[in-house]
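Undergrad: Below are the chains, spelled out letter by letter.
Protein chains: 2
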Amino acid sequence: MTNIAILGFGVVGGGVADVILKNNDTIARKTGEHIHIKYILDLREFPDHPLGDRVVHDIGVILSDPEVTVVAEMMGGAHPAYDYSRAALEAGKHVVTSNKEVVATFGAELQEIAAAHHVRYLFEASVGGGIPIIRPMSSCLAANQLFEVDGILNGTTNYILTQMIRAGKSFEDALSEAQKKGYAERNPKADIEGIDACRKICILSALAFGKSFSPDDIHTEGITKITAEDVAAAEMYGGVIKLIGRAGLSNTEDPESDVFMLVAPHVILHDNPLSSVDDVFNSILVRGNAVGDVMFYGRGAGNLPTASAVVADIIEILSHKETDVFVPAWTKASADALFCIEALPYAFLVRMEAGDYMAAAAAIRAAYPDAEILTAADDFKGTIAFVTPLTTEKALRDAFPTPLLSVIRVMP
Amino acid sequence: MTNIAILGFGVVGGGVADVILKNNDTIARKTGEHIHIKYILDLREFPDHPLGDRVVHDIGVILSDPEVTVVAEMMGGAHPAYDYSRAALEAGKHVVTSNKEVVATFGAELQEIAAAHHVRYLFEASVGGGIPIIRPMSSCLAANQLFEVDGILNGTTNYILTQMIRAGKSFEDALSEAQKKGYAERNPKADIEGIDACRKICILSALAFGKSFSPDDIHTEGITKITAEDVAAAEMYGGVIKLIGRAGLSNTEDPESDVFMLVAPHVILHDNPLSSVDDVFNSILVRGNAVGDVMFYGRGAGNLPTASAVVADIIEILSHKETDVFVPAWTKASADALFCIEALPYAFLVRMEAGDYMAAAAAIRAAYPDAEILTAADDFKGTIAFVTPLTTEKALRDAFPTPLLSVIRVMP
Numbered sequence: 001m002t003n004i005a006i007l008g009f010g011v012v013g014g015g016v017a018d019v020i021l022k023n024n025d026t027i028a029r030k031t032g033e034h035i036h037i038k039y040i041l042d043l044r045e046f047p048d049h050p051l052g053d054r055v056v057h058d059i060g061v062i063l064s065d066p067e068v069t070v071v072a073e074m075m076g077g078a079h080p081a082y083d084y085s086r087a088a089l090e091a092g093k094h095v096v097t098s099n100k101e102v103v104a105t106f107g108a109e110l111q112e113i114a115a116a117h118h119v120r121y122l123f124e125a126s127v128g129g130g131i132p133i134i135r136p137m138s139s140c141l142a143a144n145q146l147f148e149v150d151g152i153l154n155g156t157t158n159y160i161l162t163q164m165i166r167a168g169k170s171f172e173d174a175l176s177e178a179q180k181k182g183y184a185e186r187n188p189k190a191d192i193e194g195i196d197a198c199r200k201i202c203i204l205s206a207l208a209f210g211k212s213f214s215p216d217d218i219h220t221e222g223i224t225k226i227t228a229e230d231v232a233a234a235e236m237y238g239g240v241i242k243l244i245g246r247a248g249l250s251n252t253e254d255p256e257s258d259v260f261m262l263v264a265p266h267v268i269l270h271d272n273p274l275s276s277v278d279d280v281f282n283s284i285l286v287r288g289n290a291v292g293d294v295m296f297y298g299r300g301a302g303n304l305p306t307a308s309a310v311v312a313d314i315i316e317i318l319s320h321k322e323t324d325v326f327v328p329a330w331t332k333a334s335a336d337a338l339f340c341i342e343a344l345p346y347a348f349l350v351r352m353e354a355g356d357y358m359a360a361a362a363a364i365r366a367a368y369p370d371a372e373i374l375t376a377a378d379d380f381k382g383t384i385a386f387v388t389p390l391t392t393e394k395a396l397r398d399a400f401p402t403p404l405l406s407v408i409r410v411m412p
Numbered sequence: 001m002t003n004i005a006i007l008g009f010g011v012v013g014g015g016v017a018d019v020i021l022k023n024n025d026t027i028a029r030k031t032g033e034h035i036h037i038k039y040i041l042d043l044r045e046f047p048d049h050p051l052g053d054r055v056v057h058d059i060g061v062i063l064s065d066p067e068v069t070v071v072a073e074m075m076g077g078a079h080p081a082y083d084y085s086r087a088a089l090e091a092g093k094h095v096v097t098s099n100k101e102v103v104a105t106f107g108a109e110l111q112e113i114a115a116a117h118h119v120r121y122l123f124e125a126s127v128g129g130g131i132p133i134i135r136p137m138s139s140c141l142a143a144n145q146l147f148e149v150d151g152i153l154n155g156t157t158n159y160i161l162t163q164m165i166r167a168g169k170s171f172e173d174a175l176s177e178a179q180k181k182g183y184a185e186r187n188p189k190a191d192i193e194g195i196d197a198c199r200k201i202c203i204l205s206a207l208a209f210g211k212s213f214s215p216d217d218i219h220t221e222g223i224t225k226i227t228a229e230d231v232a233a234a235e236m237y238g239g240v241i242k243l244i245g246r247a248g249l250s251n252t253e254d255p256e257s258d259v260f261m262l263v264a265p266h267v268i269l270h271d272n273p274l275s276s277v278d279d280v281f282n283s284i285l286v287r288g289n290a291v292g293d294v295m296f297y298g299r300g301a302g303n304l305p306t307a308s309a310v311v312a313d314i315i316e317i318l319s320h321k322e323t324d325v326f327v328p329a330w331t332k333a334s335a336d337a338l339f340c341i342e343a344l345p346y347a348f349l350v351r352m353e354a355g356d357y358m359a360a361a362a363a364i365r366a367a368y369p370d371a372e373i374l375t376a377a378d379d380f381k382g383t384i385a386f387v388t389p390l391t392t393e394k395a396l397r398d399a400f401p402t403p404l405l406s407v408i409r410v411m412p
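As you go down the protein sequences, you meet chains G and D in turn.
Position 9, counted from 1, in the first sequence is what this note's numbering calls 9; the numbers after and before it change by one each time, with no gaps.
Position 305, counted from 1, in the second sequence is what this note's numbering calls 305; the numbers after and before it change by one each time, with no gaps.
A few of these clues could be false.
One copy or any two copies: either way a pair holds, since identical chains are not told apart in the list.
Stated by the list, open to error - Only pairs whose alpha carbons sit at most 27 Å apart, straight line, appear in this in silico DSS-like list of lysine-lysine: (1) 321 x 30; (2) 22 x 38; (3) 169 x 180; (4) 30 x 211; (5) 169 x 22; (6) 30 x 169; (7) 30 x 332; (8) 22 x 211; (9) 394 x 180; (10) 38 x 180; (11) 225 x 180; (12) 321 x 225.
By construction, these hints were calculated from the structure, which means they are not laboratory data.
So here's chain G without its partners, still in its complex pose:
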């Protein structure tokens, strides 16, 4: 029997308890032992919960109990989650977490502390909810030089965009429906402005390329400016708009080349498997030099899917009891080592106001002779939409110095 402590008894922490209580026999069949929840750390009391008697309010009780070998941190937020995780590792306890903010910001440091104390810091649940992605990338794809990771990493924004695409809704109406259904929080900023997706792509990028960048240094656009007209223009071009976290090597042949990374709405053409990932589902496409493209798909959030990943990490620890697992280190990297996003080659879907269709079309052809103009002359209502050939955002802005209604990257 392995004794664990749960830090934070909210939605995910409660889900972890539920999964362990429900599936403990299944888990024991797979690992040879049961999991016992010895402590639950929370500010609140849970007198009516079957595990209510396990609740403590002092992290010291957990840190000083040698019977506790694994700490599951599901508190959310940077502090005190980071501080407690660090203290647990220093006390020689394994830590598993669903906390993407802590992993994205402090992951490199906490992995180093774990290695120094011969314990493990695992975070399968920090990206993609229950979708197996962290271990598959670090283990099953380890024979590859990976060169790109693209993901639909946030279920809330994917639900909103799916509503805009399917039902022609405005962003505001789709957001308010997502809030009604409980898919978006009352304060949806972290989701709709891309902050959540940014933390996740930082984690995936660190896994793929070994360099840990601060989320603050990453070019991050949300979906608040996407309009029904943008959605319609993307459809005319044969695609859908998705919020994508994207990271890759600027030179696919050179693992030491600068990494590019961004979070932004992208037009995804229908032949890309990410295009059919709808509603609250997440999906991550990984590209490697041996395996080609592989994709992982599932529910990116929710108490039970996320708990599935947290408990999988606990099982991983139970299954491999040796104390010195070789874990490749993440190197902390500064923004200087990031490839400049304005110089990253992209085709762009552009919408702009124009007084006269022929004049606008001529201006577009003058700047980009190979541009594809999506708006037909007899559909012209004062705005024109087109897709550039491969260019850079800088060149595009130089070519059209007047304000553009929208500039959306097309996924290569």
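We have chain G already, so just place chain D on it with the hints.
TA: Same frame as chain G, now just chain D:
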């Protein structure tokens, strides 16, 4: 440095050598050591290959060399692949394999021998080529009681069906194109009759439910009888025909309930993510009681993708050097423990000949008042297509004792 031996230097064996030679520095960064190919066992000589000097013809050389810690078996076929794998395990060497025939038939036994000799028998490459599926199922989803696995497990048949769907080709024309492109072998029997997919679903089922059934006991239909008319009828119903390997618990709530398993063409409705898996791609959908549905997608064959999985297993062995990994055993199970496929509830897409539309429609309504008749009266050309409500194949055959043109299961 770890010394390995490659058994079988064909397409996959050559791919494994290529991936190791190309990515050895990447691998060393992830594991702390390089891989050295000490021996290659093959009947042939490879005088012009850079590793030509490693070729041996006697398995005894490899078995008796204590420096060889891992044997990678890529010979294909049951014998002598099984015999050599067994001998290597008994000699205290880890074995990794891409050989689905050996894993499906002898997996339970070889895992037992591996455990007894404190080594590991790993087979990530045996299903789905480079797609991470074996370790994600056994490790990342270990917190779940899994209750169903559905997969597009054979790239050749998926390519043929995609050609039939997209270009309206006949089965024969699509097969001959697949052969021209090298996607189908000259003797395509193992692919088009579902034998390859059957071995793979047996492996996935054993992983999910712990019971290893013989492929010979599994209900297996190929795609040779699928016609352009079937494809058109599926489209009228809002779906596509895919060859599916499907295994599940007959009672989703009871992990001890009988397992159902079959390989057969299924109509997949467009809202199922498997419906958009086209060409030679494979995809596996796994359903668990915590995670919900997760899907894994990628190239199911090819030398480099398969090699990616083989080398990942070698890396897994290098990363976890402890000798006693707890591996849940597969229990050999007899056909008696299989749920009867004829009694498995399904909706069926049925096509039948009929002299008279109104009489045929009346007969269908008499048997199944809720059937959906797909053929419109004014399109009637002597055959009629319909979809039954949930029923069983036995009940369907009893209701329509005359020979039916086609009976295709609709994926629930």
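Undergrad: Indicate, hint by hint, whether the structure satisfies it.
TA: Against the structure, the hints come out as follows:
1. Taking the closest pair of Cα atoms, residue 321 and residue 30 come within 27 Å of each other both inside a single copy (14 Å) and across two copies (20 Å).
2. In this assembly of identical chains, residue 22 and residue 38 lie within 27 Å of each other by CA distance solely inside one copy; the values are 16 Å within and 48 Å between copies.
3. Only within a single protomer do residue 169 and residue 180 lie at most 27 Å apart by alpha-carbon distance; the minimum there is 15 Å, versus 47 Å between protomers.
4. When the C-alpha separation of residue 30 and residue 211 is checked against a cutoff of 27 Å, the pair qualifies only between copies, where the shortest distance is 13 Å, while the shortest distance within a copy is 34 Å.
5. With identical chains, the CA atoms of residue 169 and residue 22 are never at most 27 Å apart, being 40 Å at best within one copy and 50 Å at best between copies.
6. With identical chains, the CA atoms of residue 30 and residue 169 are never at most 27 Å apart, being 47 Å at best within one copy and 47 Å at best between copies.
7. In the homo-oligomer, the alpha carbons of residue 30 and residue 332 lie at most 27 Å apart only across protomers (17 Å), although the nearest pairing inside one protomer, at 36 Å, exceeds that limit.
8. For a Cα distance limit of 27 Å, the shortest separation of residue 22 from residue 211 across copies, 22 Å, qualifies, whereas the shortest one inside one copy, 38 Å, does not.
9. Within a single copy, residue 394 and residue 180 get their C-alpha atoms no closer than 40 Å, and across copies no closer than 46 Å, so neither meets the 27 Å cut-off.
10. In this assembly of identical chains, the alpha carbons of residue 38 and residue 180 never lie at most 27 Å apart, being 37 Å within a copy and 63 Å across copies at closest.
11. Taking the closest pair of Cα atoms, residue 225 and residue 180 come within 27 Å of each other only inside a single copy of the chain (21 Å); across copies the shortest separation is 49 Å, beyond that limit.
12. Neither within a single protomer nor between protomers do residue 321 and residue 225 lie at most 27 Å apart by alpha-carbon distance, with minima of 50 Å and 52 Å respectively.
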